[in-house]
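Protein chains in written order, with the numbering used here: chain A, 1 to 335; chain B, 1 to 335.
Please note: incorrect hints may appear among the correct ones.
Because identical chains share one entry, a pair is satisfied inside a single copy or across any pair of copies.
Cross-link-like lysine-lysine pairs, in silico, DSBU-like; alpha carbons within 35 Å at most [unchecked claim]:
#1 Lys141 / Lys296
#2 Lys314 / Lys252
#3 Lys121 / Lys314
#4 Lys259 / Lys296
Rather than coming from a laboratory, the hints here were simulated on the basis of the structure.
Below, each chain spelled out in residue letters.
Protein chains: 2
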Amino acid sequence: MRYIDAFNHFFPKRYFDALVESPAAQKDIGKRVRGIPALYDLDLRLKVVDQFPDYTQVLSLGLPMIERLWGPEKSPEMSRIANDGLAEVASKHPDRFAGYSATLPMNAPEAAAREAERALKNGANAIQIGTNAGGLAIDDKKYWPIYEVIEKSGKPILLHPARTREMADFVGETKSKYEICSVLGWPFETGVTLSRFIFSGIMDAYPKLKVIAHHLGGVIPYLEGRIGHSFDQLGVRTSDEDYGALLKSLKKRPFDYFKNFYGDTAIEGVRAPMVCGIDFFGADHVLFASDCPFDKEKGPGYIRSTIAVLDEIKLSPADKEKICFRNAQKMFGVG
Amino acid sequence: MRYIDAFNHFFPKRYFDALVESPAAQKDIGKRVRGIPALYDLDLRLKVVDQFPDYTQVLSLGLPMIERLWGPEKSPEMSRIANDGLAEVASKHPDRFAGYSATLPMNAPEAAAREAERALKNGANAIQIGTNAGGLAIDDKKYWPIYEVIEKSGKPILLHPARTREMADFVGETKSKYEICSVLGWPFETGVTLSRFIFSGIMDAYPKLKVIAHHLGGVIPYLEGRIGHSFDQLGVRTSDEDYGALLKSLKKRPFDYFKNFYGDTAIEGVRAPMVCGIDFFGADHVLFASDCPFDKEKGPGYIRSTIAVLDEIKLSPADKEKICFRNAQKMFGVG
Numbered sequence: 001m002r003y004i005d006a007f008n009h010f011f012p013k014r015y016f017d018a019l020v021e022s023p024a025a026q027k028d029i030g031k032r033v034r035g036i037p038a039l040y041d042l043d044l045r046l047k048v049v050d051q052f053p054d055y056t057q058v059l060s061l062g063l064p065m066i067e068r069l070w071g072p073e074k075s076p077e078m079s080r081i082a083n084d085g086l087a088e089v090a091s092k093h094p095d096r097f098a099g100y101s102a103t104l105p106m107n108a109p110e111a112a113a114r115e116a117e118r119a120l121k122n123g124a125n126a127i128q129i130g131t132n133a134g135g136l137a138i139d140d141k142k143y144w145p146i147y148e149v150i151e152k153s154g155k156p157i158l159l160h161p162a163r164t165r166e167m168a169d170f171v172g173e174t175k176s177k178y179e180i181c182s183v184l185g186w187p188f189e190t191g192v193t194l195s196r197f198i199f200s201g202i203m204d205a206y207p208k209l210k211v212i213a214h215h216l217g218g219v220i221p222y223l224e225g226r227i228g229h230s231f232d233q234l235g236v237r238t239s240d241e242d243y244g245a246l247l248k249s250l251k252k253r254p255f256d257y258f259k260n261f262y263g264d265t266a267i268e269g270v271r272a273p274m275v276c277g278i279d280f281f282g283a284d285h286v287l288f289a290s291d292c293p294f295d296k297e298k299g300p301g302y303i304r305s306t307i308a309v310l311d312e313i314k315l316s317p318a319d320k321e322k323i324c325f326r327n328a329q330k331m332f333g334v335g
Numbered sequence: 001m002r003y004i005d006a007f008n009h010f011f012p013k014r015y016f017d018a019l020v021e022s023p024a025a026q027k028d029i030g031k032r033v034r035g036i037p038a039l040y041d042l043d044l045r046l047k048v049v050d051q052f053p054d055y056t057q058v059l060s061l062g063l064p065m066i067e068r069l070w071g072p073e074k075s076p077e078m079s080r081i082a083n084d085g086l087a088e089v090a091s092k093h094p095d096r097f098a099g100y101s102a103t104l105p106m107n108a109p110e111a112a113a114r115e116a117e118r119a120l121k122n123g124a125n126a127i128q129i130g131t132n133a134g135g136l137a138i139d140d141k142k143y144w145p146i147y148e149v150i151e152k153s154g155k156p157i158l159l160h161p162a163r164t165r166e167m168a169d170f171v172g173e174t175k176s177k178y179e180i181c182s183v184l185g186w187p188f189e190t191g192v193t194l195s196r197f198i199f200s201g202i203m204d205a206y207p208k209l210k211v212i213a214h215h216l217g218g219v220i221p222y223l224e225g226r227i228g229h230s231f232d233q234l235g236v237r238t239s240d241e242d243y244g245a246l247l248k249s250l251k252k253r254p255f256d257y258f259k260n261f262y263g264d265t266a267i268e269g270v271r272a273p274m275v276c277g278i279d280f281f282g283a284d285h286v287l288f289a290s291d292c293p294f295d296k297e298k299g300p301g302y303i304r305s306t307i308a309v310l311d312e313i314k315l316s317p318a319d320k321e322k323i324c325f326r327n328a329q330k331m332f333g334v335g
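Excised from the complex, chain A in its bound form:
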């Protein structure tokens, strides 16, 4: 079977050097990323990829956090450096890297729309966006021109969870302890942002926008009953906002928008949730992805375990091909 890995992470050299020297990274981001060499060392990364026959990666930046590291005066430049770096790596090794996704300086929305346009014209196969922009919800109107550009391109958004600073502070009291904020909070964040994309009207304004939610949709597929029945009753629990009118103004049932998103298989190689997630999105809306190199082996672990799970579960040959590479070919525009 051929595999195109839709969502995995890498820092191109020039961007990585700037990252570890940035003031914001000095505290612990620098230390953390240095502990995973296949995240920035190209030779090591190629060795990881070469362990798997007929397997290529669409590269995404390590974390969509440009706006956390640099202010709006610097972030547009750093996005260009990151995106051009990924483009270069991918173009030099087309047999290992099927393509790349571009990252945007979300703390500079106008520059972000321009960078999306530039990167997509330059061949970017997707746009990676964090579930929040330095703590701000990304359904605000100021970000809508970005989604317009992406929809026009036909390329998908790769939606990556990002912890809000506000959440981190808040959870100081009840949630951040024990790293709950990243382990459970990230998939929750993903669900929150998908919901806001629907209820803010973004999905009605840009109906052809394709959103691939990392980690098989976060918490959404498991909460199928709630996003169905509970969102159908939107407004019943609230007295100070007229959500009933909002619900009526939407072009579809909330549930149907959720079903129209995409998920990737980056759930650390587990079986039952994989079946649940594929059942929710359907084989046309799931893409193979590994989250490489964030496994314990720091490279091949999740690629191997994700392939093993897909071999184990019941899928028709046609559906398996869609998930493993055909959906990626179509959505990313790769051969």
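Please build the complex by placing chain B on the supplied structure of chain A, with the hints as guidance.
Using the frame of chain A, we list chain B on its own:
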């Protein structure tokens, strides 16, 4: 098939009358609960139950929110009124109500431990606890005597999600809009509290404590990969707390504690998440429950759809009996 419904909601009359007249309930809680008559009208509730042959309910209070409605000077008394009310309803209609769970005044921890002891001696079949106590995490040491009492009784905790006030405020910015806080935030809260029960040491201190997490474990089963692999790496992402030492101090792998919790089937009658959740907890750790009367029909909807899903999915006859009534018989001590 016989069914014992482990988690569903009802307000006994004397408590309900006080609730709708309480100052805190005037705003919207009163309005909301009045909209669902089978939540407090016993005749209507009996008619709902009677629609299903060989089906009984273990009654739980409407919401575990006594501490939101009354201060610590009043909440112990209101808990007694609620618990004695449920006891009376259950004892008068044993053919419809197999038992009841008691609620505690969590804003008065010492009184809560005493009320747990009193109610359990009085025949309560479980203790219902919210995932937070008026916004405070419930793994704080001041609550541990409550868990000691419950563990000794052999009866389970029914863990019900509760929105924190802090969360509501926080999510004002990025999350509370569109009722995301209850639709997605509640199952997240459940996962947070289960995690804190493990990492705070409660499950090591009270290893026989049984916790039944409403809504089939909240988000936990779907995040199997993360609670496995990510919690195994606790401390790697954090620089200001020594979570590595905490991890070593636990008696088991974090994942194994999660697998040792229980879930109920109250997920609004959906199939794929039901399979996923039962796979995670195992048939010995799942109990039939409907969340009656919070369906659109305000009574029988989720009972019917949950029975239908359990009929549809592949379960051995022995496993199905465990889920539908045998686990409940054993854990609640009912005939």
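Output the numbers, in ascending order, of every earlier hint that fails for this structure.
-> Hint 3 contradicted; others consistent.
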